[in-house]
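**Q** Chain by chain, the residues:
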Amino acid sequence: ETGVTQTPRHLVMGMTNKKSLKCEQHLGHNAMYWYKQSAKKPLELMFVYNFKEQTENNSVPSRFSPECPNSSHLFLHLHTLQPEDSALYLCASSQGAASGGFGGELFFGEGSRLTVL
Amino acid sequence: DAKTTQPTSMDCAEGRAANLPCNHSTISGNEYVYWYRQIHSQGPQYIIHGLKNNETNEMASLIITEDRKSSTLILPHATLRDTAVYYCIVRETTGFQKLVFGTGTRLLVSP
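Protein sequences appear in the order of chains A and B.
Going by my numbering, the first residue of the first sequence is number 1, and it counts up by one from there.
Going by my numbering, the first residue of the second sequence is number 1, and it counts up by one from there.
Since the hints were derived computationally from the structure, they do not count as laboratory data.
Any given hint could turn out to be false.
Distance ranges between label pairs, derived from CB positions [unchecked claim]:
hint: 1; chain 1: A; residue 1: P83; chain 2: B; residue 2: P21; range: 36 to 44 Å
hint: 2; chain 1: B; residue 1: T79; chain 2: A; residue 2: N58; range: 29 to 37 Å
hint: 3; chain 1: B; residue 1: S41; chain 2: A; residue 2: H73; range: 17 to 25 Å
hint: 4; chain 1: A; residue 1: R63; chain 2: B; residue 2: S25; range: 33 to 41 Å
hint: 5; chain 1: A; residue 1: T55; chain 2: B; residue 2: N57; range: 25 to 33 Å
hint: 6; chain 1: B; residue 1: T72; chain 2: A; residue 2: G14; range: 46 to 54 Å
hint: 7; chain 1: A; residue 1: Q95; chain 2: B; residue 2: T5; range: 23 to 31 Å
hint: 8; chain 1: A; residue 1: S72; chain 2: B; residue 2: I63; range: 44 to 52 Å
hint: 9; chain 1: A; residue 1: L117; chain 2: B; residue 2: D67; range: 46 to 54 Å
hint: 10; chain 1: B; residue 1: K98; chain 2: A; residue 2: Q82; range: 21 to 29 Å
Everything numeric in this text was worked out from a predicted model, so none of it was measured.
A virtual CB, placed ideally from N, CA and C, is assigned to each residue, including glycine.
Using the sequences provided together with the hints, build the complete structure.
**A** And the structure:
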């Protein structure tokens, strides 16, 4: 138990569906992250939020839409995905910082395994 | 881009020490060395990090060479549950400390 909970753990969706992944952290952190891990590829950073503000968008297609309503919750809204978007989506959290210089140790959730048909 | 080089895979007998090497020849003075591991189908788990000095915690020891161009993660008594992919990552000490994962070393601990 890392203190970072992701739901659902498994999701199968069609290319025309709209779904959302949810992440919740109980660690009192202020920075949250989405990573993507495709089969046989390294983890790729997608988005970073620091104190609810998006600070990093790693050239992610607009069919992925993140939302961070507060420092404890992070969503990834999915729409019109492609089969190549099938992957393990990992959420992480860490200490944030009011003015840069944040990161430290990241605590990861178990991931949401997405299959796009 | 990942700034580290690690062997693709390693084997270790249960109960023996596992020594996982990492080369980071372009590391700069303001970059830490971090180690994470990822057990199959789980999220990565933080193990240890260091800047110059050797470090030890309840999970592992980290040995960093004097020129800081390489390091070794040591699991003193490997167990079957230590079978995982181990990632060596360098990251800055200031600013946004992005974690860039490479392909890591797949460690297989056998009975």
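**Q** Now tell me if each hint is right for this structure.
**A** Hints and how they fare:
1. A:P83 - B:P21: 36 to 44 Å: Check passed, 37 Å falls within 36 to 44 Å.
2. B:T79 - A:N58: 29 to 37 Å: The hinted range 29 to 37 Å holds for T79 (chain B) and N58 (chain A), with Cβ atoms some 36 Å apart.
3. B:S41 - A:H73: 17 to 25 Å: holds (24 Å)
4. A:R63 - B:S25: 33 to 41 Å: For S25 (chain B) against R63 (chain A), whose Cβ atoms are near 39 Å apart, the range 33 to 41 Å holds.
5. A:T55 - B:N57: 25 to 33 Å: holds (29 Å)
6. B:T72 - A:G14: 46 to 54 Å: holds (47 Å)
7. A:Q95 - B:T5: 23 to 31 Å: For Q95 (chain A) and T5 (chain B) the Cβ distance comes to about 29 Å; the hint holds.
8. A:S72 - B:I63: 44 to 52 Å: 37 Å Cβ-Cβ, so the 44 to 52 Å window is violated.
9. A:L117 - B:D67: 46 to 54 Å: holds (51 Å)
10. B:K98 - A:Q82: 21 to 29 Å: holds (26 Å)
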